[in-house]
Amino acid sequence: MRKVAGEAGNFTVEILKEPRYIDEDKCTACGTCTMYCPRPVVDWYNERLEVTRAPHIDYAQAIPASYYIDAKACLRINHETCNLCAQTCTAGAIDFSQRPRTMELNVGSIVLTPGFGRIDDDILRRFGYGVYPDVVTSLEFERLTCASGPTEGHIVRPSDEKTPKKVAFLQCIGSRDESCGNGFCSTVCCMYAIKEASVAKEHEPDLDITLFFMDIRTMGKGFDAFREEAVKKYGFNIVRARVPKVEEVDGRLVLNYVEEDGTSKSDVFDMVVLSVGLSPPEDAEIISEKTGIELNQHSFCKTTQASPLSTTVDGVYVAGAFQGPKDIPESVTQASGVAANVSELLKEARGTRAVTVSYPDEDKALMEEEPRIGVFVCHCGVNIAGVVDVKAVRDYAGSLPNVVLYEDTLYSCSQDALKHIAERIRDERLNRVVIAACSPRTHEPLFQETLRSIGLNPALIEMANIRDQCAWVHAQEPEAATEKSKDLVRMAVAKARLLEPLQQPTVDVTPCALVIGGGASGMTAALSIADQGYKVVLVEREKELGGNLRRLGCTFDGEEAKKVLNSLITDVKRHKLIEVMISCEVKNVSGYIGNFTTTVEHNGKSELINHGVIVVATGGREYKPKGYLYGDSDRVLTQLELEARLSKGKSFLRNASRVVMIQCVGSRGEDMSHCSKICCTQAVKNALKLKEARPELDVFILYGDMRTYGLYEDMYREARLKGIKFIRFDADRRPEVVKKSRGLSVKVFDKIIGEELEIPASYVVLSVGISPAANEGLSQMLKAPLTKDGFFLEAHAKLRPVEVAVDGVYICGLSHGAKGLEESIAQAKAAASKAVIPLAKGKVSVAPIVSHVDEKKCIGCGICASLCPFSAIELIKVDKKRKARTITASCKGCGICASHCPTIAISMGGFTDEAIFAQIHAFGQGLEQGINEEN
Amino acid sequence: MANMAKIVGFCCNYTSQVSKDVLEREGVIGEGVEFRRLPCTGRLEIPMLLDAFTEGAEAVFVAGCRIEGCHNKSGSLRASKRVKYAKALLEELGIDGARLEMFFTKRGSTADIVDAVKVMEDRIKS
Chain B
-18 MRKVAGEAGN
-8 FTVEILKEPR
2 YIDEDKCTAC
12 GTCTMYCPRP
22 VVDWYNERLE
32 VTRAPHIDYA
42 QAIPASYYID
52 AKACLRINHE
62 TCNLCAQTCT
72 AGAIDFSQRP
82 RTMELNVGSI
92 VLTPGFGRID
102 DDILRRFGYG
112 VYPDVVTSLE
122 FERLTCASGP
132 TEGHIVRPSD
142 EKTPKKVAFL
152 QCIGSRDESC
162 GNGFCSTVCC
172 MYAIKEASVA
182 KEHEPDLDIT
192 LFFMDIRTMG
202 KGFDAFREEA
212 VKKYGFNIVR
222 ARVPKVEEVD
232 GRLVLNYVEE
242 DGTSKSDVFD
252 MVVLSVGLSP
262 PEDAEIISEK
272 TGIELNQHSF
282 CKTTQASPLS
292 TTVDGVYVAG
302 AFQGPKDIPE
312 SVTQASGVAA
322 NVSELLKEAR
332 GTRAVTVSYP
342 DEDKALMEEE
352 PRIGVFVCHC
362 GVNIAGVVDV
372 KAVRDYAGSL
382 PNVVLYEDTL
392 YSCSQDALKH
402 IAERIRDERL
412 NRVVIAACSP
422 RTHEPLFQET
432 LRSIGLNPAL
442 IEMANIRDQC
452 AWVHAQEPEA
462 ATEKSKDLVR
472 MAVAKARLLE
482 PLQQPTVDVT
492 PCALVIGGGA
502 SGMTAALSIA
512 DQGYKVVLVE
522 REKELGGNLR
532 RLGCTFDGEE
542 AKKVLNSLIT
552 DVKRHKLIEV
562 MISCEVKNVS
572 GYIGNFTTTV
582 EHNGKSELIN
592 HGVIVVATGG
602 REYKPKGYLY
612 GDSDRVLTQL
622 ELEARLSKGK
632 SFLRNASRVV
642 MIQCVGSRGE
652 DMSHCSKICC
662 TQAVKNALKL
672 KEARPELDVF
682 ILYGDMRTYG
692 LYEDMYREAR
702 LKGIKFIRFD
712 ADRRPEVVKK
722 SRGLSVKVFD
732 KIIGEELEIP
742 ASYVVLSVGI
752 SPAANEGLSQ
762 MLKAPLTKDG
772 FFLEAHAKLR
782 PVEVAVDGVY
792 ICGLSHGAKG
802 LEESIAQAKA
812 AASKAVIPLA
822 KGKVSVAPIV
832 SHVDEKKCIG
842 CGICASLCPF
852 SAIELIKVDK
862 KRKARTITAS
872 CKGCGICASH
882 CPTIAISMGG
892 FTDEAIFAQI
902 HAFGQGLEQG
912 INEEN
Chain F
5 MANMAKIVGF
15 CCNYTSQVSK
25 DVLEREGVIG
35 EGVEFRRLPC
45 TGRLEIPMLL
55 DAFTEGAEAV
65 FVAGCRIEGC
75 HNKSGSLRAS
85 KRVKYAKALL
95 EELGIDGARL
105 EMFFTKRGST
115 ADIVDAVKVM
125 EDRIKS
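Chains B and F, in that order, are what the protein sequence lines are.
For the first sequence, the positions run -18 to 916 when this note's numbering is used.
For the second sequence, the positions run 5 to 130 when this note's numbering is used.
Treat the hints loosely; a few may be bogus.
[Unchecked claim] Calculated from the model, a selection of chain F residues having no Cβ within reach of chain B, i.e. all distances over 10 Å:
1) V32
2) E35
3) F57
4) R82
[Claimed, not checked] Taking lysine-lysine pairs in the PhoX-like style, the calculated list, with each CA pair at most 20 Å apart, reads:
5) B/K226 with F/K129
6) F/K24 with B/K246
7) B/K586 with B/K524
8) B/K147 with F/K24
9) B/K779 with B/K176
10) B/K7 with B/K(-16)
11) F/K77 with B/K226
Simulated from the structure, these hints should not be mistaken for lab results.
Here a beta-carbon is modelled for each residue, glycine too, at the ideal position from N, C-alpha and C.
Given only the sequences and the hints, what does the whole structure look like? Please build it.
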């Protein structure tokens, strides 16, 4: 990005595109250029642990799936010699005439997602990195543990390539360390260290792994459970110490550290992994300069708790680690959320540049004819042809029944080849096609498109994967690979004969969203959907909107919570597209994506709402503590109760001399096993407020781990500097609140001095955490499962964090898991973004591979309906008999129902029993033939 | 005396945080080494060195800061003078003065301490 001009809705962005020297459209990613290039270059993707060649692809899944040439290393570019790659590339993709190109883009909005930067090597050098070869970064270790990495997943020491016996992980390298300029916590390292250690242990069960933590910050949803399980299963040594440096003695790495009780210890390791943190991107300043956005004190993008995705410039948004260190689920959530922001801004332009593709009508008469099969066998350059005798496979295909055309192609997926295949299909009047090439997972859609373009149903294609399953895995045995290719082709032809066209039906979507819950998340989601131009019904059980936000004093960045709340309520009430239903409860939900009908009860009266999608924002509750004299003494408060008192003034502190806060009350192993994520920051925030109100007040915070992650670490440091005292306790030895004649006292075992302290307290404040709302009823209505902690379970923890397994239902805020306001709002935006997709399309297209129930065979036992994970099978009455029926709009084609049906009444489109049996028979024919030949 | 250390090393708070158990278990140093920690090697007194021999040590060393970088300015210099004097005393008593040595080590360097142990081990053997 060179230059940005204009304003929200109309930006002009100048982009410089560096040449790749390989044409993305022609490159088939065969890898021949890398093989022939004489110039080695450092492989940055593998963290400099390996070399590659000047022309390369960073990794197999890279987008575009095309190679590029490292211009700095290339002999042709720098010295006008070599040119080997261009001569060996059979696709003719190498193009040295490419030059840097400046493009001007006219866009309505800009989204900044540059990710995070590396920790400087100079900082790592303090810990022996670059000095001792066996000190590696966690990123390098990640590559070492990866099966596609430089060592194929074997964990070896760089110095002697032997498997280490003892490995140490050092946390907080380049994080929580003001001496290197990064005062913040990088949020993700505690968890990834546990993950890397687990992966390493899976691969090398004899490894002895020690992890050195300050605080163990695994506060994400389900993370604590994962960590505890891993520590138990793999027997990790967990040491709470910050190791200042790494030394080498006799080729082994020595760490000296001080334990919690003050004793000095030494230990010796074969390998040390530095858990490096997440810096702001290296070019943060440049981005700031070009776009005009402001950065915060740590050079991350400046945002607020109430609008975490908006930068200081209108129309420019941010998502991911540039907004602050965060993990994959948070980043994916923000990315979806930012799409909602953009969609709100640009809603007028929606669909104005859409291109509609039209296809010719399908030729019904052709389908009536006997199968006319065409087989195309692909060389894939040398990828297949280098091992498999492609011509022999082609000729063999010609001998199979119903095959009227058999050809070989150099690259079947290239544009020219696709055109040729289309012509041949038309000329020969083929009605079934077999492509013997690579994986249908990557290439089937491409060939299906070709079929559609000439009026053939896309279900009439079958692929045989002779690249992965023959040429690659049997590279050393070309003859066997060729025989196996013939087997696969014969099986594919047998199945193809029985392929039937499948319809791709679409269902209309009711253009309205139902949002359940009117707290910060629900209101944010409702506003976003409405701002994107769709009707919303917002249902709230209580008498007023606001939820938990009503009880908050101020946000973590010091903004008054009331302000945020009032602006949300005003906007919601004023919005023409939002209908607010107060004191209403959802009683029943029926239907499926696009066509839900929900019964809402209001004062005993029921009302039906028709809508296309559902956003669940039912929120959470403040946990009601047991013990700690809560309820017995009016001087024992929860953090929210303290905030309520603070917002009324400081008079209640008049005679107070000391306040003791206790963390993890009810959380992390008491009543609730999960970590509530926000209580540490909330405690620090309130402790600072107390100090501000009465500087002479003595404030203690008793904690298990201080989890002031990300930039909240600044507040923790400030609290320490202001003299707030922190005492750590173990989960199995929690503090106790006792009544004394003159008030309250808190007993806690101080691990540093090794003695129990009794701290007299004017007030005891309990950090009680977040418990889930009573979600069971709604969970059953929606068929959306809950986690064992009682929160809604997302469809995929990392990649689909706001969707559930059932289509058309989205979750956000505390109903998904404990989190703060900033994360709730980002998630609400993300849910709104996902919910608008079907609304904007107006139609939901159904995947053609769905299950179909044969009513004659069905006995109405209902096994299928009970097993379906997507609630896509309903039981209906046909002539007074129970019958199962597939709701095609919800069906994902997983096949669970078909495999369990006791009367084989269910078949899967594209995978009928007949076709699969035919395929198996065809395989058996080969065996028979082989046996006959031997005899 | 049974289980008596063969080598006694006097270190200060600044020269080493080494704990011998792990180093011994891992084979980085041999058995029979004992570290005695002082707040500063300037605190060292000659009888402490002689006592170590009386208790049965075969060799004794002192690891202090580098002279130009002693945490307490002249602590390690003072120690080295006392070591020099104690060496003369040992010679008078008929013990090889080389069995006692002063080392100036880098702060917090385990490697330097381990080297010192090795030097003393070699001297016992010769």
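Each hint, compared with the structure:
With a minimum CB-CB distance of about 6 Å to chain B, F/V32 fails to clear the 10 Å threshold, and the non-interface call is violated. Against the 10 Å criterion, F/E35 stays outside the reach of chain B, whose nearest CB is about 16 Å from its own CB. Separation of F/F57 from chain B is adequate, the least Cβ-Cβ distance of about 26 Å exceeding the 10 Å criterion. At the 10 Å boundary, the C-beta of F/R82 stays outside the reach of chain B, the nearest C-beta of that chain being 24 Å off.
Distance restraint check for B/K226 and F/K129: the Cα-Cα separation of roughly 34 Å exceeds the 20 Å cut-off, and the hinted pair is therefore not satisfied. A hinted pair counts as satisfied when its Cα atoms are at most 20 Å apart, and F/K24 with B/K246 qualifies at roughly 9 Å. Only pairs whose Cα atoms come within 20 Å are accepted, and B/K586 paired with B/K524 is accepted, the gap being roughly 16 Å. A threshold of 20 Å between alpha carbons decides the hint, and for B/K147 with F/K24 the separation of about 18 Å falls inside it, so the pair holds.
Restraint check: the Cα-Cα separation between B/K779 and B/K176 comes to about 14 Å, which is no more than 20 Å; the hinted pair holds. As the CA atoms of B/K7 and B/K(-16) are separated by approximately 31 Å, the hinted pair breaks the 20 Å bound. Restraint check for F/K77 and B/K226: not satisfied, since their Cα atoms lie roughly 24 Å apart, outside the 20 Å limit.
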